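Protein chains: 2
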Amino acid sequence: MKAVIVGGGVIGGGWAARFLLNGWDVAVFDPDHEAERKIGEVIANARRSLPALYDRSLPEAGTLSFHEELADALVDADWVQESIPERLELKHKVLGNLSELAPENAVIGSSTSGFKPSDLNSEGARAIVAHPFNPVYLLPLVELVGDASETEKAAELLRDIGMYPLKVRKEIDAHIADRLLEAVWRESLWLVKDGVATTEEIDEAIRMGFGIRWAQMGLFETYRTAGGEAGMKHFMAQFGPALQWPWTKLMDVPELTEELVDLIAHQSDEQSGHLSIRDLERQRDDNLVGMMRALKKNNSGAGGVIARHEKNLPYIDDIDLPITVDRQIPKSWTDYNGHMNEAHYLEAAAAATDRFMEKIDADAAYIASGKSYFTVENHIRYLDEMLAGERLIITTQVLKGEGKKMHLFHFLKNADGKLAATAETLLLHVDLNTRSSSVPSPDVATKLSDYAQAHACLPMPEGAGRFVGQRST
Amino acid sequence: MKAVIVGGGVIGGGWAARFLLNGWDVAVFDPDHEAERKIGEVIANARRSLPALYDRSLPEAGTLSFHEELADALVDADWVQESIPERLELKHKVLGNLSELAPENAVIGSSTSGFKPSDLNSEGARAIVAHPFNPVYLLPLVELVGDASETEKAAELLRDIGMYPLKVRKEIDAHIADRLLEAVWRESLWLVKDGVATTEEIDEAIRMGFGIRWAQMGLFETYRTAGGEAGMKHFMAQFGPALQWPWTKLMDVPELTEELVDLIAHQSDEQSGHLSIRDLERQRDDNLVGMMRALKKNNSGAGGVIARHEKNLPYIDDIDLPITVDRQIPKSWTDYNGHMNEAHYLEAAAAATDRFMEKIDADAAYIASGKSYFTVENHIRYLDEMLAGERLIITTQVLKGEGKKMHLFHFLKNADGKLAATAETLLLHVDLNTRSSSVPSPDVATKLSDYAQAHACLPMPEGAGRFVGQRST
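Chains P and V are the protein sequences, given in the same order. For the first sequence, the working numbering assigns the number 1 to the initial residue and increments by one for each residue that follows. For the second sequence, the working numbering assigns the number 1 to the initial residue and increments by one for each residue that follows.
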């Protein structure tokens, strides 16, 4: 398959990357001398991120070419995408040329944010609107507007490259999403102008609250869920009066007639009526937790709040062996067998190793100084199933701690003290600059040795020093 | 610490859960006979999800009590939160009582979505606005409006329970977030009324595109990033004209004077100027990938699109041993040592086991029929570092496959064929109803046996059958 990209800015480059990394050949036409560099940068970003969404490899990438003649670029095209500036007379000219020169069966899509197909085609072009969202190589949404059979053909091709085509049933300026965005943009400009909030405060008001909600449910399903068992009609009855209040500068509001209320309630039933409010709440919460945990890894937005809060949570005191993990098992750690997945037993054990490292001062500052421990072997025995919501407590015994070696044995138990797994782990101290083994600092060596000596009197744990499949003694 | 919750609906219940699970005692006052059941349901939801955000345990939960007398409930309160219906005369009455009866040093917060502090306190109450977002036990945002020293005190307490207080610098109807929400709500009502889109289509237009973007950056930082190196002023020059176009029903727009453009550009520099556009793009992309991977686990929204697309990606052909994984390493799999974290080697090996199970027909349908394999032991040897963006290919050798046992050996290699790790894994076939071991179906047994026989001629892999710390031979 072959895509032709006309106009190679951030959007055109995003389209190029999306097609290319899904195995299409891509031909670019852009008079800008910088086009190759600019598109190259977007594709570099895309190579870093798009395949990381998948747990399988994408098809072999296609071939990228740049052309000085439009007609050359268009040979054998299956899709032609125009992403030039938002000026109607320019669109007319370019889309006219494309309609004339492109193969008859090629889709001609315009990335326009605002123009309707009837605007674009008023001088004889045959384009449809195929409006994507930045970054095009990651976000799935493409709004399709125009001729029914063309948009249907386009939708199928877009699904093949991992996108989500949304056919807009009636043309309107700015389609759907950009109308909502424009309303927020205008309201935000007022807030800044009137000194109510800064750009940063507005951004925080979005991403710490409704933004993360909207990443997984839109406006209506969110309100349906919030409305509870009483349903969408009840929600609207409750919030209907606010339409008359000065809650936004958008005061030209539709009248909330019985007809409109019924229409919305009916559409909401069609959309979400197969799920109970409890189902919706759980879906929402599982999504929020999963996303916030992902953001926590990057110390970003709502995830950054969790990370900062977590740092201040006290560790409980050690009893016999040091307690290195005490946590609840999140639902995202479970798998198709309905229990904690094998890899997350190790994720928890690895966190126990990290915590133990902190206890011997091999902490973040130590790592920043260029020293760390690398794991060289793990042996995990799975003794009992663990379920979402259960408490997991890990205690850690030092089997050996001298020279470059640290040999640990983690006991993974549930709240009742029942052993669910053991993890035996061998680590080597390394110099992070040379990436080769080295001795720890005197302080770390002493602290580790103290633990090793204190634990020397404990019996060797049942299960240590065993190979996979070894019979119990 | 003690919080008093006045009004126990979805919002009051969410506050109760948030305080309670962070170790506060919570006293509830609500004349509704159903209050205890309703709050109980919200707390049950919260117990399932809030601790799952953390990799440490939260403090021991506080004590929950219900009171019939307001004065009883208020004894020793540190925080009093009013979450009653949005009727001003009712707010006046309740907040008046609270101001009279609550301890002097207690914060009195109102969950009001719309009223300004000057509205709430016009009859002598001393409340501040503390406006949270549903679900209150998960979303961090709380808008604080009112007396400076009271909001400062409130902000500190909210941070302690993992929330993100946003002090609003100037009171206005509906504060900040709900003004943006109300604008979108009104615009959406028009779209439904005019037959441009259904509720479901609007929701998809949000969550498949800008919604997920807003979960990690707000409006202004997103546009700054999209604007590229030319900066925020360039972005505004480009999109300024759209303010005059009919892109929303919100036509009462502020004039984009040089002063307003400068103000926004300046605020945006203050907010994000310490990061280059490239930094911002990478932060954005890492966040999007992390969140979309989280949503993929739940088969929800943009993650559902990825899951469906992934299912259609072809597996490449087996060569010598079956290829059970071929993928790129996402950045979220790396850790503080700058390389793939030990647990994700196992996550990949576990995926290889899953894929091998599919190859012997122990697939999703088989699992749905009540049979599966459970891992009982893993032994992983880490031989080389792997970095984000690298390709990882796993091949799988069957060491044993008879009766209830399946003993596999996974070779984890990079694109050059260099061995980065091995994972030896022993599984037992189980009946998912009794959760105890059982023999596989004849079809699965035969397919497994075919592989075992074909691999019987291969040498035992170096590293198989070894215990942790065993010297190389």
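Bear in mind the hints are in silico, worked out from the structure with no lab data behind them. Incorrect hints may appear among the rest.
Listed next, the in silico DMTMM-like pairs over lysine to aspartate or glutamate satisfying Cα-Cα at most 20 Å (straight line) [claimed, not checked]:
1) K297/V to D335/P
2) K371/P to D384/V
3) K193/P to D335/V
4) K404/P to E385/V
5) K359/V to D320/V
6) K413/V to D326/V
7) K405/V to E270/P
8) K311/V to D363/V
9) K193/V to D384/P
10) K38/V to D269/P
11) K193/P to E270/V
12) K297/P to D335/V
13) K153/P to E86/P
14) K297/P to D279/V
15) K311/V to E270/V
16) K193/V to D194/P
17) K153/V to E229/V
18) K297/P to E229/P
19) K193/V to E60/P
20) K405/P to D443/P
21) K167/V to D194/P
22) K193/P to D262/V
23) K170/V to D194/P
24) K405/P to D262/V
25) K413/V to E258/P
26) K93/V to D72/V
27) K116/V to E104/P
28) K311/P to E156/V
29) K193/V to D269/P
30) K405/V to E385/P
31) K167/P to E402/V
32) K193/V to E229/P
33) K38/P to E229/V
34) K371/V to D279/P
35) K233/V to E86/P
36) K359/V to D335/P
37) K371/P to E385/V
38) K371/V to E385/P
39) K311/P to D160/V
What you are looking at is a predicted structure, and each value in this text was computed from that prediction instead of being measured.
20 Å limit on alpha-carbon distance, applied to hinted pair K311/P and D160/V: holds (11 Å)
K193/V paired with D194/P [C-alpha distance capped at 20 Å]: violated (31 Å)
Distance restraint between K233/V and E86/P, which requires alpha-carbon spacing of 20 Å or less: Within the cut-off at roughly 17 Å; holds.
Straight-line alpha-carbon gap K413/V to D326/V, limit 20 Å: Satisfied, since the Cα-Cα distance of roughly 10 Å is no more than 20 Å.
K193/V paired with D384/P [C-alpha distance capped at 20 Å]: This hinted pair is violated, its Cα atoms lying about 56 Å apart.
20 Å Cα cutoff - pair K170/V, D194/P: Answer holds: K170/V to D194/P is near 9 Å, not above 20 Å.
Pairwise hint evaluation, D335/P against K359/V, where the allowed Cα distance is 20 Å at most: This hinted pair holds, its Cα atoms lying about 19 Å apart.
Agreement of K193/P and D262/V with the hint, judged by alpha carbon distance not exceeding 20 Å: holds (11 Å)
Given pair status - D335/V, K193/P, alpha carbons within 20 Å: Between K193/P and D335/V the Cα gap is close to 43 Å, so the pair fails against 20 Å, i.e. violated.
K297/V paired with D335/P [C-alpha distance capped at 20 Å]: The hint holds at about 9 Å.
Holds or violated: K153/V to E229/V, with C-alpha atoms at most 20 Å apart: violated (40 Å)
Agreement of K153/P and E86/P with the hint, judged by alpha carbon distance not exceeding 20 Å: Given that 20 Å is the threshold and the Cα spacing comes to 25 Å, the pair is violated.
In this structure, the hints that do not hold are numbers 3, 7, 9, 10, 13, 15, 16, 17, 18, 19, 24, 25, 27, 31, 32 and 34, in rising order.
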